[in-house]
Structure formats: structure tokens, C-alpha cells
Amino acid sequence: MKFTSEEILETIGMIAEDKLDIRTVTLGISLLDCSDPDPAVCARKVREKIMAKSADLSKKTDFVANEYGIPIVNKRISLTPISLVVPLAKPSAFVEVAHAVDSAAAEVGVDFVGGYTAMIQKGETSIDRALIEAMPEVLSTTSRFCASVILASTKSGINMDGCYTMSQVIKDTAGRTAKNDGIGCAKLVLFANPVEDNPFMAGGYYGVGECESAILVGVSGPGAVRRALEKLGPDAGLGEVAETIKKCAFKITRAGELIGKKLAEHLGVVFGNLDLSLAPTPAEGDSVGQILEIMGLAMPGAPGSTAALMMLNDAVKKGGLFASSSVGGLSGAFIPVSEDASMIKAAESGAITIEKLEAMTSVCSVGLDMIAIPGDTSAETLAAIIADEMAIGCANNKTTAVRIIPAPNKKVGDFVNFGGLLGKAPVMPVSQVSADKFIKRGGRIPAPLQSLKN
Amino acid sequence: MGKNKKCIVVTVIGKDEVGIVAKIATVLAENKINIIDINQKILGEGIFAMTLLADRVGSSLSLPAITNELKASIKGMSLDVTVQDTEVFQYMHRV
Chain A
1 MKFTSEEILE
11 TIGMIAEDKL
21 DIRTVTLGIS
31 LLDCSDPDPA
41 VCARKVREKI
51 MAKSADLSKK
61 TDFVANEYGI
71 PIVNKRISLT
81 PISLVVPLAK
91 PSAFVEVAHA
101 VDSAAAEVGV
111 DFVGGYTAMI
121 QKGETSIDRA
131 LIEAMPEVLS
141 TTSRFCASVI
151 LASTKSGINM
161 DGCYTMSQVI
171 KDTAGRTAKN
181 DGIGCAKLVL
191 FANPVEDNPF
201 MAGGYYGVGE
211 CESAILVGVS
221 GPGAVRRALE
231 KLGPDAGLGE
241 VAETIKKCAF
251 KITRAGELIG
261 KKLAEHLGVV
271 FGNLDLSLAP
281 TPAEGDSVGQ
291 ILEIMGLAMP
301 GAPGSTAALM
311 MLNDAVKKGG
321 LFASSSVGGL
331 SGAFIPVSED
341 ASMIKAAESG
351 AITIEKLEAM
361 TSVCSVGLDM
371 IAIPGDTSAE
381 TLAAIIADEM
391 AIGCANNKTT
401 AVRIIPAPNK
411 KVGDFVNFGG
421 LLGKAPVMPV
431 SQVSADKFIK
441 RGGRIPAPLQ
451 SLKN
Chain B
1 MGKNKKCIVV
11 TVIGKDEVGI
21 VAKIATVLAE
31 NKINIIDINQ
41 KILGEGIFAM
51 TLLADRVGSS
61 LSLPAITNEL
71 KASIKGMSLD
81 VTVQDTEVFQ
91 YMHRV
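Sequences listed follow chains A and B, in order. Just so you know, the working numbering puts 449 at position 449 of the first sequence, and the rest follows in order with no gaps. Just so you know, the working numbering puts 1 at position 1 of the second sequence, and the rest follows in order with no gaps.
Any given hint could turn out to be false.
[To be verified] Pair by pair, the computed Cβ-Cβ distance ranges are:
{"id": "1", "chain 1": "A", "residue 1": "Glu230", "chain 2": "B", "residue 2": "Ala22", "range": "31 to 39 Å"}
{"id": "2", "chain 1": "B", "residue 1": "Glu45", "chain 2": "A", "residue 2": "Glu17", "range": "41 to 49 Å"}
{"id": "3", "chain 1": "A", "residue 1": "Asp38", "chain 2": "B", "residue 2": "Ser62", "range": "31 to 39 Å"}
{"id": "4", "chain 1": "B", "residue 1": "Asn39", "chain 2": "A", "residue 2": "Glu284", "range": "41 to 49 Å"}
[Stated by the list, open to error] Mimicking SDA-like on lysine to any residue, the simulated pairs with C-alpha atoms at most 25 Å apart in a straight line are:
{"id": "5", "chain 1": "B", "residue 1": "Lys5", "chain 2": "A", "residue 2": "Lys356"}
{"id": "6", "chain 1": "B", "residue 1": "Lys5", "chain 2": "A", "residue 2": "Asn66"}
{"id": "7", "chain 1": "B", "residue 1": "Lys71", "chain 2": "A", "residue 2": "Ser5"}
{"id": "8", "chain 1": "A", "residue 1": "Lys356", "chain 2": "A", "residue 2": "Val270"}
{"id": "9", "chain 1": "B", "residue 1": "Lys41", "chain 2": "B", "residue 2": "Asn4"}
{"id": "10", "chain 1": "A", "residue 1": "Lys2", "chain 2": "B", "residue 2": "Gln90"}
Treat the hints as calculated values from the structure; they're not laboratory data. Here a beta-carbon is modelled for each residue, glycine too, at the ideal position from N, C-alpha and C.
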């Protein structure tokens, strides 16, 4: 036979037992031709374009998943940052267009749309201000449209006024969605150095350098990596561990490459890129934290977690890059707390803290992700947490992000429960030492030096 | 794989019993799916394992429909059956 039984059984096992799947098929759509000074016309144009481009997305995605026997879990859309589409400094215009996007998304059968996005790393325009002013209303009255704000970049430094504004937006949004533990904040990501072709939500948006429309595929498979390491045994050296992760990442990426190419053919759009990111879900075994445990840490958060995560993230990237010439997006390991069974346990027991998570984000994809903190955390403290995370991205020339939920009326030890892929999280303690005066200074932290790095 | 072929790999694993191969082969034949190669083993304690390569170009059934037909044919037996397009293995195991 063309393939050995071992190869066949390995693949079958990866899909059936290890939950290897295509986590998301995201259709990127440019909205640059939908701009209009009349909000009603702009909303209509945006809606019509989404409907026209993604009418077949759901049907064709299901067809390809069935034909190749690889599950595709989510179908999503990412849009041109809406701040470049709505040419009006009026919050009401943004609310109107956002509702049009949300209802179009529901009609075409996608669960999340990214692109309620402003880029203010160096400063705000009046349009950005209107977008941000409307954000709490948009996040609390729509269910599918996800927001992101770029607050920092290696080239621009950190917009500290933006960090403070966004901490207040987060608190306002949490308050408006208090009945659901502040779920509105789960749809808001703050970035340093974001990528423009990220298929994963809530932080995905479709950059201006992209073509008219493209398929962005997000592949996951922490379960498959965990299984490969289990087979390797506890005594293998770390060099062997890295090699095993690389090989596994290669195979997972190849599956994504196949599906991406086929989908692009069926939908008649460009295959934009493939993002291999180990993205956990609350399901048993689908966990990045468990990979760290198999590596030999009693729990994620133990000393050594940063080193282990650096190796995991790097090996995933190396395996993925060899497997596909379309690798893009974030491509690495995600460590969201609420979406990972092992991270939830570690946070609950106090093994992992926000400070340790912050250290870990300096060596992995994304950042402080899906973390619940007490609802009475001050806007100044929240802004300071955001600024710290932006600083890690800014100084290290990498993407970092913050998706944090100040859970209304909740204290340390309480749980927030969002259900589904967003999972549940224990409310984690936040340092009580004040950063008020630092945050209230405002302004911008200049771009960091790129040479003389020590 | 030839251009005029549409190949699948059928995997059957579970408790060994009389007639598993016959049942699977019958369903494939009835649906005009041509068997190209079969690998079958009994692993230790009566565990049946078979991987089978077949061409479905002449069949009108979709891949999930083939899976369902095969599952129905071995219903009541302690067996798992999966059907995959060979391109998946090609991509994952060959550079």
C-alpha cells in the first residue's frame, strides 16, 4: 500500500482522539469600497458586500470538511478595520454599521466577525475617537462583531492615553454586560504589533495590504502534540522533545494546507494564509497547559514554564514553516486561561498568577488572554496592566495582546462562566500597589531602541 | 494516484468476528467502489485491524455517505470504521 498502517492509524488517531481540527476558516473581505458619508448607505454597502462574498462560505466549508473527513469547527469573517470604512466622526454611525455587520454575519452563519478595529498606536483621529466612544454600546448590543484596538508598536512606542481610555472602555463594557459576567470584554482585544492576516477571533481583522478577499485558515491541535510527547516518554531529552513537537506541527500544518487549498478552489478566492496556532478549548485533552505538564511541570505556572513555553512556541513555528509556504497569522501557542482546562486548574490553585502569565507572554503568541480579574479593579490599575503587556510586545518586536475581563461584582476566587469555546475562569488576584500617578501622566512612551540590545 | 482515481482509505478496528472483510467489501462493491489494496492483521488478543485502499471515482456517494453505509453494515459489532481521502495522508506523511 502507498501508506503504512502506522501512518494511517496515526492520522486517524490525531483526528478522532486528539481533536486535530481546522479551528477556523476565516474569510477576509476588504471593505475599502464600502465607504460612504451617509451612515445608512455605508451600512447597506457593508452588508451587501458581506452577503455577496460569504453567501457560500458555510455550505462550501461543510462540503470540504465532509469530503476530507477533517472537522472544521468555526466559520468566521474578518473585515477591513471599520475605522477606515466609516468616514464620520459620529459614534451613532459606527453603531449603525456595526449592527449591519452583526445581522449579516448571523444570516450567513458565522459565529464571529473581526474588524471593529482602530489603530491608535501613535495617536487618535476624530474618527477613531468616535469608534471607541461607540465601542461599549457595540460590544453590548451585538453578539458577533469583535473589536480590537492597536495601542502600541515597536515603531511608534506605546500610546499611554490610549491604554487609559481603553481600560475605561473595558470597565464600561463589563458593566453593560454584567448579567453575563462581562462577556462583552471577551470580544475586545488590545494589541501591540498585530498581524494583519490573523484568522483567530476576537483579534482578527483584514489588513489594508491584503487582496480583495482571501481564505485564512487557523489550524489547531494541542491534543495531537500532547499525544506525541506522551509516546516519547518522560526520560527523553529536551532536544528530542523539541524535535517531536516540530514533526507533529509539520503534520498538523499539512492537513491545514490541504483544506485551505481545497476551500480556496471551491470558494474561488485566494488562499491567503495558514496559521498553525495551538489554541486550546475547554474540552478535555485539548489543552496547551497539559503539554507543559507532559514536559515535566507539575502545573503551568511552575518555575520553568517560561522556558518550556518558549521551546513549544518555537518548535511549533519551525515545524509549521517547513510544512507550508503560506504560513502567516500568529502561528504559535495560545495560553488563554478560561479556554484551557489545565490553565483553569492552575489559576484556581494559585499556581499561575497574572505576573507569571505576563512573563510567559514574552515567549509565546498573543498575551494576557481571557483572564478574569475582580470587578472593582480601578481603571488606572487596568491601564497599567495593559501598558505592561504592550511594553513586552513593543520592546521585543513581537505581537502581544490583552483580553481581560473585570468581572462585575466578582471577587478573587469567584468564577465567571461564558460557556462554549470561551469557557470559564476563576477571578485572579491583581496587585494592590498603585500605579495611578504613572498612568495619569498620560502621553506616549517613545519607540524603543532597536540596537544596543542587552 | 492516477488522475482518474479518487482514492480513499477505509480503516476498521475492533473485536475480531467472522465476516468483517466480507461485509465491508460487499458495501464497497454495491456502491461501485473498487478495492485496490487491503492490509489486515489480528493484533494480539483478537483485535481486528484493517486498512483498505479503494477508488471511489465510479461511485455517486459522498465520503460521509460511504462512512454511514459502512457503519450500518457492521452495526452491532464492536468495530470502528473511518473513511478518509488519501490526499490527507499524502499531505501529512509525504513531503
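Evaluation of the provided hints:
In this structure, Glu230/A and Ala22/B meet the distance hint of 31 to 39 Å, their C-beta atoms being roughly 37 Å apart. A hinted range of 41 to 49 Å is violated for the C-beta pair Glu45/B and Glu17/A, which are about 20 Å apart. Checked against the hint of 31 to 39 Å, the C-beta distance between Asp38/A and Ser62/B comes to roughly 46 Å, which is inconsistent with it. One distance hint, 41 to 49 Å for the beta-carbon pair Asn39/B and Glu284/A, is violated here, with the actual separation near 32 Å.
As the CA atoms of Lys5/B and Lys356/A are separated by approximately 54 Å, the hinted pair breaks the 25 Å bound. Distance hint between Lys5/B and Asn66/A is fulfilled; the C-alpha atoms sit about 18 Å from each other, no more than 25 Å. The straight-line distance between the Cα atoms of Lys71/B and Ser5/A is roughly 20 Å, inside the 25 Å bound, and the hint therefore holds. With a C-alpha separation of about 40 Å, the suggested pairing of Lys356/A with Val270/A is violated against the 25 Å cut-off.
With a C-alpha separation of about 30 Å, the suggested pair Lys41/B and Asn4/B falls outside the 25 Å cut-off, and the hint is violated. Restraint check for Lys2/A and Gln90/B: satisfied, since their Cα atoms lie roughly 9 Å apart, inside the 25 Å limit.
Consistency with the previously given hints fails for numbers 2, 3, 4, 5, 8, 9, ordered from lowest to highest.
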